[in-house]
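Okay, so the sequence shown: first residue is 1 according to UniProt numbering, each after it adds one.
Bear in mind the hints are in silico, worked out from the structure with no lab data behind them.
Bear in mind the structure is a predicted one, so any value in this text is a computation, not a measurement.
All the given hints hold, so there is nothing to weed out.
DSSO-like cross-link-like pairs, simulated, lysine-lysine; straight-line CA separation at most 30 angstroms: (1) Lys-204 - Lys-224; (2) Lys-293 - Lys-764; (3) Lys-248 - Lys-282; (4) Lys-532 - Lys-424; (5) Lys-177 - Lys-210; (6) Lys-228 - Lys-210; (7) Lys-34 - Lys-228; (8) Lys-762 - Lys-744; (9) Lys-34 - Lys-82; (10) Lys-227 - Lys-248; (11) Lys-177 - Lys-227; (12) Lys-258 - Lys-227.
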Amino acid sequence: MSGLGLYFNEDSFNRLFPFYFQLGADFQVLNFGKSLAKVCPDLQKENLFTDFFEIVRPHLKSVSFQEIIKNSDQHILLKYSKTDLLLRGQFEQMGDTLLFVGSPWFTSMSEVIDRKLTFDDFAHHDALLDLLHVLNNAENTSNELKELLLTINTQKNQLKKDKEELNRLSYVASANKNGVVFTKLDGSIFWCNDAFLALTGYSKSEIIGKSPIELGRTTSTDKKEIKKMVDSFLAGNAFEVDLVHARKNGDSFWSRIKGQPIADSEGNTIQYFAILEDISLKKRYDESLEIEKEKYRGIIANMNLGLLEVDLNGKILMANQSFLDMSGYGTEELIGNKASGLFLTQEGKKILESKDKLRSEGVIDSYEVNVIDKSDENKTWLISGAPNYDIQGNLIGSIGIHLDITDQKEQEQQLYLLSLIAEKNINAVIISDATGRIEWANPSFLKMSGYTEQEILGKKPGNLLQGRDSNKETVTYMSSQIAKGLPFNCEIVNYSKNKEKYWVRIQGQALYDKNGVVIKFFAIEEDITAQKALEEQKENLLLDLAKTNKELEDYAQIVSHDLKSPLRSINSLISWIKEENEGGFEEQTMKYFSLMEHKVEKMDHLIEGILTYSKIDKEESRGEKVNTNDIIKSIIDMIHVPEHIKVTINNPLPVIKADRFRIQQLFQNLIGNAVNYIDKEKGLVEIACEEFTSHYVFSVADNGVGMPKEIHGKIFETFKAYTTSKHSTGLGLSIVKKIVLFYKGEIWLESEEGKGTTFYVKLKK
1 MSGLGLYFNE DSFNRLFPFY FQLGADFQVL NFGKSLAKVC PDLQKENLFT
51 DFFEIVRPHL KSVSFQEIIK NSDQHILLKY SKTDLLLRGQ FEQMGDTLLF
101 VGSPWFTSMS EVIDRKLTFD DFAHHDALLD LLHVLNNAEN TSNELKELLL
151 TINTQKNQLK KDKEELNRLS YVASANKNGV VFTKLDGSIF WCNDAFLALT
201 GYSKSEIIGK SPIELGRTTS TDKKEIKKMV DSFLAGNAFE VDLVHARKNG
251 DSFWSRIKGQ PIADSEGNTI QYFAILEDIS LKKRYDESLE IEKEKYRGII
301 ANMNLGLLEV DLNGKILMAN QSFLDMSGYG TEELIGNKAS GLFLTQEGKK
351 ILESKDKLRS EGVIDSYEVN VIDKSDENKT WLISGAPNYD IQGNLIGSIG
401 IHLDITDQKE QEQQLYLLSL IAEKNINAVI ISDATGRIEW ANPSFLKMSG
451 YTEQEILGKK PGNLLQGRDS NKETVTYMSS QIAKGLPFNC EIVNYSKNKE
501 KYWVRIQGQA LYDKNGVVIK FFAIEEDITA QKALEEQKEN LLLDLAKTNK
551 ELEDYAQIVS HDLKSPLRSI NSLISWIKEE NEGGFEEQTM KYFSLMEHKV
601 EKMDHLIEGI LTYSKIDKEE SRGEKVNTND IIKSIIDMIH VPEHIKVTIN
651 NPLPVIKADR FRIQQLFQNL IGNAVNYIDK EKGLVEIACE EFTSHYVFSV
701 ADNGVGMPKE IHGKIFETFK AYTTSKHSTG LGLSIVKKIV LFYKGEIWLE
751 SEEGKGTTFY VKLKK
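Using the sequences and the hints, build the whole thing.
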């Protein structure tokens, strides 16, 4: 490219046009690109062009050097005769040779994968692979794909009219639908194509002499990406960055900039060549794809069928909640382990080995296998297995959908028994024809309804059994479900032959023939009259219980007041007696007075604890934002901490949504207990918190006396104190547990006698 002072060696030209080939005047192949060699493996230098290629479009009268030159300003479609591969591009005369510049015409990513091509086999500016990838991910229809390809062809054909402006390489740059710029070593632009003008909205006079960063930087542009581009530019290296690019009118768009140094014949960088691609649409597609992925993740997580993903070694990569429920295992127990080692029998392992071989061959099938779940129960699963591939089409493992058919298998084995059971069932069973008229009923139905078999045959159940108190909406619902051939489950008032009212729970189901046509209906009716009476009784009991709870709460308030008042009086009297007779009592008497004061104080704490315990789940929770870090610091400042004990907060504690007073009560009891029961010369209490996806786990650890294992499960019981400490009322940990349960959390402990105790509190976010 002498007009621009551009020089390309074979490597740089291959990077720009890896599917090119050059023909001599005798139609012999002189040179061809590295990627063309992959898709045309039989092609060799000095081969005749006509032995390997056919010009599909445009139609030429004869395939000759001059005829091709006459059509060099047109879009050329070639067919590689060995494999019918299509190449699209253009010819350009270069002295006494012809240069073809183009790329394969693929219509799907599978064609790229089948020919073992990778992203590195395409030029960075080639839009074909990105387009195929976007269309593949977004699952566009074939019509949309044709429309996009037609648009690209139209744009390329239009841009090719600018070939007079530049010679061979400038022609290709001008014809590119992406923006193309050439810069000097100082970064100033000295040439750009029309696409760059269209993308940015600037004129050439406004662009020439400016740097790409001056033109494209916005307040939203990622500074790290700019630095990456500048550092590569200054080092003379190629680069590729994605960043927000400015337009002249103040708008912006997502762009992908690919830069390539241009070297002289001695390998020294003399200029830079960069392609600016508008990837706004791709970004939107990627965002939509991510949203779809999240949606499907949610579907997978909540689907009723168990889903398991394993790698090529059979190790579990993912299991949804339904699979966890089916197997009885937790996520931590499954991930990274082999499914065969966890729940397959020896017979099941042999089946799995044969299925793994099928997966490697791309086979999708379903099979039944006997398994043993975590609780050692034998189950039968129906598994639909399929191979799992990455985006390059490489096999990376398998995906299996699991259905527990244990019940179904048992039903198959007991089908005959069930037919007998229907006859002897204590519940009423009726079978009707497709129009809803009764064909058969078991003795329980006849006994429940009071009708004889002759009186019900050919009649509709509704006409016989429904009356004044039968809910009309329920009747309409059943009629609608029957009309649609759908199952129904409801409760309704029926009337017997002698007009006695009784409640039934009805489960109805249509029966289909092999063609899917409804041929019969069956229904099971359970007499729930007694159950309904019990429900009414239960509702009344709940109302009475609520009233009783309110009265107990009021009583606790009254008792608390009536007990605390004389306690305060006793405490005051003791203080007065001691003050008025200071020095007048013997030492033993003073000890008795101190013991009385401690007992009064303990009684006061006990009454306060009872009142607090009774209020925890009665008072309304305000649900404010509570900074646990601040609360715990204030507790440490408030309680008495002996000098030999150090209380630390090991990491920043979170802000949670809760009632400030309840959270203070919770941690004050835990930290106070930890301080009170330290028997070491150097005591240590450590508070920490670990964050998980849906919850926090707080811990309060001490190096105190510890507790024997036999009382670990009892210490949360009300009024149970397993120490002789004067501080213990037997209510502190009961209050803690009640607050934790109020917030639907969990509390547990780890403790060893003589070494200390750690309490763990799990609270939802």
